[in-house]
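A.B. asks: Chain by chain, the residues:
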Amino acid sequence: MVSLTIDGRQVAVDKGTTIIKAAERLGIYIPHFCYHPGLSVAANCRICLVEVEKAAKLQTACSTPVAEGMVVRTDSERVKKARQGVMEFLLINHPLDCPICDQAGECQLQDYSYTYGQVSCRFGESKLHHKQRSLGEHVLLHPSRCIKCTRCIRFCQEVVGRQELTLINRSNHVEIAVFDNQPLSNDYSANVVDLCPVGALTLKEFRFKERVWLLDQAESVCPSCSKGCNVLLGASGDKILRIKPRANPAVNGYWICDYGRFNFHWVNEPGRLRSPLVKSNGRFLPVSWKEALDVVAENLRRVAEQEGPDSLVGLGTSRLTCEDAFVFVRLFQDVLMAGPVRFPPPAGRVSDLPLSQDSLLRERDNTPNYQGVVDMGMVPYTDDLLGGVKALYVAGDFSKLPGAAQCLNKLSFLVVQELRMTETAVLAQVVLPAASFAEKEGSFTNSAGRVQMVRPVLGPLGNTRADWEIFAQVAKRLGRDFGFGGAGEVFEEISRTVPGYKGMDYQTLGSLGQIKC
Amino acid sequence: MQILLANLDVPGQQEIETYINGGGYRGLRKALAEFTPDQLIEEVKKSGLRGRGGAGFPTGLKWSFVPKESSKPTYLCANADEGEPGTFKDRVIIEKDPHLLIEGIIIASYALKVKQAYIYIRGEMIRGAEILHQAVNQAGEKGFLGRDILGSGWDLDVLVHPGAGAYICGEETALLESLEGKRGQPRVKPPFPALVGLYNSPTVINNVETLANLPAIVNSGAAWFAGIGTKKSTGTKLFCLSGHINRPGVVELPMGIPLRELIYEHGGGIRNGRELKAVIPGGSSTPVLKADEIDVNMDFESLAAAGTMLGSGGVIVIDGTTCMVWALANLAGFYAHESCGQCTPCREGVPWIRDILTRLEAGRGRADDLEILLDVAGNISGNTLCPLGDAAAMPVESFVTKFFDEFKGHIDGQCCPFKAQPLSRVASG
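Just so you know, the protein sequences line up as chains X and B, in that order.
For our numbering, count along the first sequence from 1 and bump the result up by 1113.
For our numbering, count along the second sequence from 1 and bump the result up by 35.
Chain B with its partners taken away, still in its complex shape (with noise of 0.2 angstroms):
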């Protein structure tokens, strides 16, 4: 079942005449010919999709937060700072098939009523940028963006704004800010996007691959894509291996794929034969599973249940070889190094977290290092004014929980017994 990834590896893709002659805007056509805007809420709503950014929230039940009645103008931002270590599948969308993306922000435009679109690209994709901007320039001289669309008196501009690399203005009250040209730092929640967002105009910010599933939906309709996937995790999902297994890369499957599946059979199983030792499921910032943990379905629900997340879909695969404390406070090394440093809880208690790790793999653990890691991920998670100080405080917790006795030993040997295995090193880093 390939919907986003069908025709990544047509030559010529990202020029607008191949991707038109395989089928492109074709859905664009229909939305506008078939779909007053608010059906077309309707029909996403029905197609049960939902944020392909992290946290899975319905795509259609975001849309139908914006007023109907206002005197300022609506705005889209496709989300496309993919940012969350292990998670790089907008980034194929971007580069191979990057009509996709447009016309999937074209058809949310026009069921939202947005005359201006924005693309908030990553900083360091340069490539993806220059892609876009040349997929934009000849979607307006084929008439799908500019002035009168496709005949329907509607106009939409669409700009690609490329971020300055912060990994916290992918969060996306970050990004409106980033976006107006100012610090890239989150905003206090309520008033939500929705309401008050880019410019205090209602604002719908999007992910990449969120979008990119609109034509298709368009084109074959919400119920054969609610019945991809599960009940309550509708379509096709990017999962992005990556780690220590045979076959990195991204691959397209049907929500609810089980994990040990996705892992063995399209992740070809473990490199050079070693031991599954664990497996960030859903990006950096999801708890991690053992690898006695792994008979679990890549969905939205079943994620939850095992006590861990779907996310981004970045699944980061680590074998017997890697040092758990080594793997974390590489982790926190991101996270301390990402934090915005508005709240305190986020700026002083990651740094912290960081700092312990750090003096726990170097071999100068202390006693009770491990409560304090607990307790200060604890004081952390829940308390910070964005996400971000729980995808830092997540990985703490259940890597210390899960791993006790591997975090416990660097203390009492005041040593990283891992430290005679230079390979994990080279093969993580």
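Extracted from the complex, chain X is given alone in its bound form (with noise of 0.2 angstroms):
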């Protein structure tokens, strides 16, 4: 360990340990544009200069380690200076065009003027002016704004292993560029354009579509494969408009891949169901929670009574939250006294279906929550177990499964619990409107046990339900009131009921999840 002083406190650190980090550890705020944790050190930027004693010139925060007895200030008058120059230099050839860029409001040049700048310009030069252009699918250059911190560059290089971005020309006139018009394209290109700390680097998805202060934000977790990246959702009105990641150092890092950001349509769908529909002549009809749930409640018990409990099979999928399977198999294994609840294994565990999959994050299992739905006693769907079913409760697609068809078409009832209104939708006498992960609270278990919470970014859309809560509905009806008031209250049930999960709640679990033991 080493000790020294930051701004007269002392703290104690590693060996080798930069003096951004060791100040960090005091709470001590250094700014900074091109350093990035996740990333190699630059120091090109020069804002994170402070005065270390017996050095003669400022020294950069980020590329300096700590050394025994070591006096830093971060806030002297010399530093400050310092600071002020380097916010005007990066200002002098900027475009000063806050009001129409798409990084205003979380902008570190915006937040560092405000914090380090300067009232008044001196700058009485022409200023330098660059076009804007494209740079692969997803990602837009606007040179006049770059600080050429690099960090995008960084990334591409170290983190991806593609040398896809460089600086051309040098002084004043240098730019990020692409190699020879080969455009940004791996897989995981969008995030350059969350470490880019200024508007140059914009997502042609994203931009004018909202203010980003204007955005409702949750923090939540990714659902497009097992990895459970975490992530921000951004939302306004009833449409997620953005997902960027969120740092968690023993999930995702600091980044998530093209696919899972922009895997969100499905979620904003106009077609979404938004109403409970019950069959009648065949056509569906719109009804109220209260008909539709009773419809369902009363043929499952007709089901069970007359074909017996065996003849009852539910079918999930794990896609479903922890609190969403956990109430579908008490359902009916305590309720309806059926056999557990099936799932069709996602097709990353059966196959070598070319399903994307890399080395950085991506996962063969492009479902959220197959270890949740397994840890809630949900059991791999087989086709030879649909031989005497005759009501089938389905939230999911199961269309695809073997054995679908022939079974399908002998059942007596088939209700059916979805985003949307599926192949298999089409053929139930009920379909129930559920909420997406964007649209309620819960948990999902990654494939390395960590269990991690999805919360709503987005209000009820129509009258959608949460999965458990429609569950725990149908099981009231059929004589039995689990008395959930809220996710919380299901997780709570988990954590006492469920081997892995004991002790943890929704406090515990964070915003970076915990693993289950």
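Certain hints may be false.
[What the hints assert, rightly or not] Just the calculated beta-carbon pair ranges, DEER-fashion:
1) X:Arg1235 - B:Lys103: 29 to 35 angstroms
2) B:Leu409 - X:Ser1116: 52 to 58 angstroms
3) B:Gly200 - X:Asp1188: 39 to 45 angstroms
4) X:Trp1326 - B:Ala397: 43 to 49 angstroms
5) X:Ser1153 - B:Gly200: 51 to 57 angstroms
6) X:Gln1276 - B:Arg61: 45 to 51 angstroms
7) X:Arg1122 - B:Cys450: 54 to 60 angstroms
8) X:Asn1376 - B:Phe92: 21 to 27 angstroms
9) B:Cys450 - X:Arg1324: 21 to 27 angstroms
Treat the hints as calculated values from the structure; they're not laboratory data.
Heads up, the beta-carbon is just placed ideally off N, CA and C, and yes, glycines get one too.
Both chains come to you apart, so use the hints to assemble them.
C.D. replies: In structure tokens, the structure reads:
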């Protein structure tokens, strides 16, 4: 350990720690643009200059390792002057177009101008201008706003392992560029937009959609594979507008893949189910929840009484939350006294289908909660169990499973709980509109066994409800009131009864999750 | 006292036979026969030899930073990317007496147990690169390079690598980047090249003139070398005389020679008998001296005490017909063009300075320009990733401070008072 003093306060850190990290330990914030904990040190922006006793020059806090007895000042007059100088340099050729810049509101250049900059401008020469241009499918470059911190270059090079971006030219003509017009096309390309501390790199899919301070935001988990990358959902009205990575060193570091980032259109789809539907004379009619749930409960009871509980089968999916799966299983096992709820094993787990998978984040299983639904007691589906089935409760899509077609024709009752009208739902007597992951609270357990919370960024869409809530209401009509007042209470029950989840609650899961034991 | 230029005018000096006949490669033979590598490093330390590229760092000490035990090879790079305006001394050695450099490289490589050395030569020096290629080939034919050099069991290859025209590649870590085939821009230090240099391996980068001193140090001994010059600035120095001087060119003189003597005796005085106005003593980045400040000795310590630097030894003489605003605008233009653009203060600040000076010289100065110039230079100075920012800022601070009235006159009169005397442009341009 090395002990040093920063702004008059003592701290002991590991040898090799840089000043910026040591300061962080003390809660002292040192401004930085080019420094990023997930990338190599570039020390090119010079905003993190600090005063180190006995060093003639100011030192960059991002690159300077601590030394025993070192005395650092992060707020001396010399430091303030240097910072102000750097801020001025960064702005002289900057277009100052904050009113129409997508980054406004989450721009370090703006924030630091406010904190460390100066009010007046003394630059009386002509600014340099550059035209914006596309770097790739998702990313647009506004060179005039760029501060050349090279985070984007380093990300492609160091994290993705592809040399796709570079600096070209010299002096104040330096620009970020692709090589020989080869577009920025790696599977993680949009991370450069999050990394960009200013408005130089913007996302084509998000630009001009919303001022960021007007976004509703929620910390959640990406539902696009079993990795469980931590994300920040950004929404406005009833639409998700963007998904950004949220740092979790134990899961995704600072990144998410482009597939996960842009895979939210199904939440925004205009054709989403908004009301329970009951089929009458071959046509679906919107009905109240009460009416729909009565029909479901009545039919499940009827089939159970006539054909025996084994003729009832629940079919879920590993896209359900732990809470959804838990109540589903309880409904079938404890209330209907039927067999375990089944779920189709995700394609990536049963075959060598060329699903995307890479060494960085993407996993073959493109569902978020395989581990969780198994822990809650759901059992992988096999077609042999459909022999005697008479009533089927499907939460998910069933049509592509082997044996589905024959089975669906012979059913006495089919209820489908889904986000949209699927091939299976078309055949059902009752269709129940479910909430998406972006509209409910719950938890996913990733492939490493980390239990993480999803949180709603959108209000309920129309008359949709969370899956667990629908299952609980069906149970109530069948005579069993679980008494769950919210997803949190379901999770409390999980933590009491499911091995591995003991002692967890939404509080302890926090924003980074917790490994089940 | 001629160590480096002694054989400059010998006909055919570029040929190895001529070089050997004049006593060449004796230093190498002696080094291999009489010194272990560690003893050689000690000898160079004792000689007091300091780097001739500008910074003046003790050469032996620099060598001693290379780890004695390393799983990686050690590399030596001869920095022949001579690009500082007003500096043209290395070029003379390269073109006129190339084997002096080659022999120096071989001796240094032996001391550092180097098996692969590079000469990174400025791209514009096409003739110099050709001469070095030939010299390397000849040295190989004579057994001074290649396998089992002079029966010592030690191997060494030298590769001549031309740069691509960037001034910044004379900065040692930018040189390494360029040598590795990357964009020429300086690295963050630490780590220093002695530990992590070329291809992540321990590397020593020495200036051409520095290396060319080694044969003489080995031949005549550290004590002899240390007896030349001053106590802390030992040996001779190549001075490049340029500007408004009667006899421009490279002269070799002991460290510590008075600047006045250098200009008026060795340089023949000011051209056309004009009055001296200013001298830039050590290459374009070193702070300027006014005419009444030239009673200073040309060694590292004396010039530092006078508020300037020995630098590369490029002495630029400026006479009374020269507009200092124009001269500084010219220098700023050079640094603005050569900034690699990597770090903020240099990338943005130096072109800003150039723009202000260009406007000032064009008669469009503003009242607060000088204050801004000094403040911007101050915000660059010491705050950049490599010394190029300092190099650009130092002349600004010294020119504006020392010739304040001339700068202010441009603003007050909204014109350049020297415009009526185009001669200075012809002379300096």
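A.B. asks: Broken hints, numbered, in rising order?
C.D. replies: 1, 2, 5, 8 and 9
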